[in-house]
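Peer 1: The lines below spell out each chain.
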Amino acid sequence: MAASDSRLRVRKDSGVTIVEFVDRNILDEANIQMIGDEIASLIDAESKPKLLISFANVDHLSSAALGTLITINNKLRQKGELRLANIDPQIYEVFVITRLNNIFKIMPTTEDALKSFS
Amino acid sequence: MELINDRVHIHRAENTVLDALDRFGYPKAARFAIRLAFEEAVTNAFKHGHKGLPPKATVRINLEVGPERVVIQVEDQGPGFTPNEVPDPTLDENLEVPTGRGLMLIRAYMTSLEFNDAGNRVRMTFDRAASDA
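Chains as they are written, first to last, in the numbering used here: chain A, 2 to 119; chain B, 4 to 136.
Calculated directly from the structure, the hints in this document are not laboratory data. All of these numbers come straight from a predicted model, not from anything done at the bench. C-beta: ideal position from N, C-alpha, C; glycine also. Heads up, some of the hints might be wrong.
[As the list claims (entries may be wrong)] Computed beta-carbon distance windows for the label pairs:
hint	chain 1	residue 1	chain 2	residue 2	range
1	A	Asp-14	B	Pro-90	32 to 42 Å
2	A	Lys-106	B	Ala-23	37 to 47 Å
3	A	Asp-38	B	Leu-94	23 to 33 Å
4	A	Asn-58	B	His-14	44 to 54 Å
5	A	Asn-75	B	Val-74	16 to 26 Å
6	A	Arg-12	B	Glu-88	21 to 31 Å
7	B	Val-89	A	Val-97	42 to 52 Å
8	A	Ser-48	B	Asn-119	46 to 56 Å
9	A	Lys-106	B	Ala-121	34 to 44 Å
10	B	Ala-60	A	Glu-82	40 to 50 Å
11	A	Leu-43	B	Gly-55	32 to 42 Å
12	B	Pro-30	A	Ser-48	43 to 53 Å
13	A	Asp-38	B	Asp-120	17 to 27 Å
14	B	Arg-26	A	Asp-14	22 to 32 Å
[Claimed, not checked] Some chain B residues judged to face chain A by a derived CB distance under 7 Å, without partners named:
hint	residue
15	Phe-35
16	Glu-42
17	Arg-63
18	Thr-85
19	Asp-91
20	Thr-93
21	Leu-98
22	Glu-99
23	Pro-101
24	Gly-105
25	Arg-110
26	Ala-111
[To be verified] Computed cross-link-like contacts, SDA-like style, restricted to lysine to any residue with a CA-CA straight-line distance of at most 25 Å:
hint	chain 1	residue 1	chain 2	residue 2
27	A	Lys-80	B	Val-100
28	A	Lys-106	B	Leu-94
29	B	Lys-54	A	Gly-68
30	B	Lys-54	B	Asp-91
31	B	Lys-50	A	Thr-99
32	A	Lys-76	B	Leu-98
33	B	Lys-50	B	Val-11
34	B	Lys-50	A	Glu-30
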């Protein structure tokens, strides 16, 4: 269970762990580190994790946040699946500029992402 | 202004920038771009520029906001770096490397970028006309 000072909201739907951010801005390195650690624990808790990260509440993110997403993706690739969803167009542009839209599976909505898991 | 590596101070400085942009009616996309560049430049200054320096070493920020142009200068007290030696994070072989995207995001979102010879001061310019083009 998430700690009370968690920066994440976590729930399960159809065997998929859905993670949403509490904060609108994912900028602060200390918070990003905490988020990364918490998601790593969620991955470690399952043998074949299916993880959906929703950006529904997010207005801003930094390159440090992108780095954490890459670390999560690298970790999950060996044993699970990752989807990103509900990304604001301005933030999606950051993924395009950095070409990270080529390594992440990005879906328009939570529903689309849930359907896309194998 | 002088910044210490403390989230409250950095957040306050960021709000100073955003308030100035609001006064001149900069649109949402410009606010997003400038905020991102500011955040990345300050992070780079403390994380890389000040590596090995005392934690209380400050970073100097100069901010000029006008109706047509925003200039932000960020200067750290470190030995500096050579920007051209930073690997391109968009190359296929670097895509899955978690670090090294701050500088390229600044280049992408600001109109121009200049470093001093030492490489410890960056001057970032956002030209409103260029962003509207």
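Peer 1: So the hint says 44 to 54 Å: do the beta-carbon atoms of A/Asn-58 and B/His-14 match that?
Peer 2: At 18 Å between Cβs, range violated.
Peer 1: Starting from the range 21 to 31 Å, see whether the pair A/Arg-12 and B/Glu-88 falls in it by beta-carbon distance.
Peer 2: Between A/Arg-12 and B/Glu-88, where Cβ atoms are some 45 Å apart, the hint is violated.
Peer 1: Does B/Val-100 sit within 25 Å of A/Lys-80, going by the straight-line distance between their CA atoms?
Peer 2: Given that 25 Å is the threshold and the Cα spacing comes to 19 Å, the pair holds.
Peer 1: Using the beta carbons of A/Leu-43 and B/Gly-55, state whether their distance is inside 32 to 42 Å or not.
Peer 2: Cβ of A/Leu-43 to Cβ of B/Gly-55: about 35 Å, so the range 32 to 42 Å holds.
Peer 1: If you check the beta carbons of B/Pro-30 and A/Ser-48, does the distance land in 43 to 53 Å?
Peer 2: About 48 Å separates the Cβ atoms of B/Pro-30 and A/Ser-48, which means 43 to 53 Å holds.
Peer 1: For the restraint on B/Glu-42, tell me whether the closest CB of chain A is nearer than 7 Å.
Peer 2: 5 Å, holds
Peer 1: Would you check the hint for B/Lys-54 and B/Asp-91, treating anything up to 25 Å between C-alpha atoms as holding?
Peer 2: Cα-Cα ~22 Å, so holds.
Peer 1: Interface hint check: B/Leu-98, Cβ to nearest Cβ on chain A, cutoff 7 Å. Holds or violated?
Peer 2: 5 Å, holds
Peer 1: Against the range 42 to 52 Å, how does the distance between the Cβ atoms of B/Val-89 and A/Val-97 compare: consistent or not?
Peer 2: 20 Å, violated
Peer 1: Could you check if B/Arg-110 really has its C-beta closer than 7 Å to a C-beta on chain A?
Peer 2: 10 Å, violated
Peer 1: Against chain A, is B/Thr-93 within 7 Å by beta-carbon distance?
Peer 2: 5 Å, holds
Peer 1: I want to verify a distance hint. Is the separation of the beta carbons of A/Lys-106 and B/Ala-121 within 34 to 44 Å?
Peer 2: Roughly 43 Å apart at Cβ, these two residues keep to the hinted range, so it holds.
When held up to the earlier numbered hints, the structure conflicts with 4, 5, 6, 7, 13, 14, 17, 18, 19, 25 and fits the remainder.
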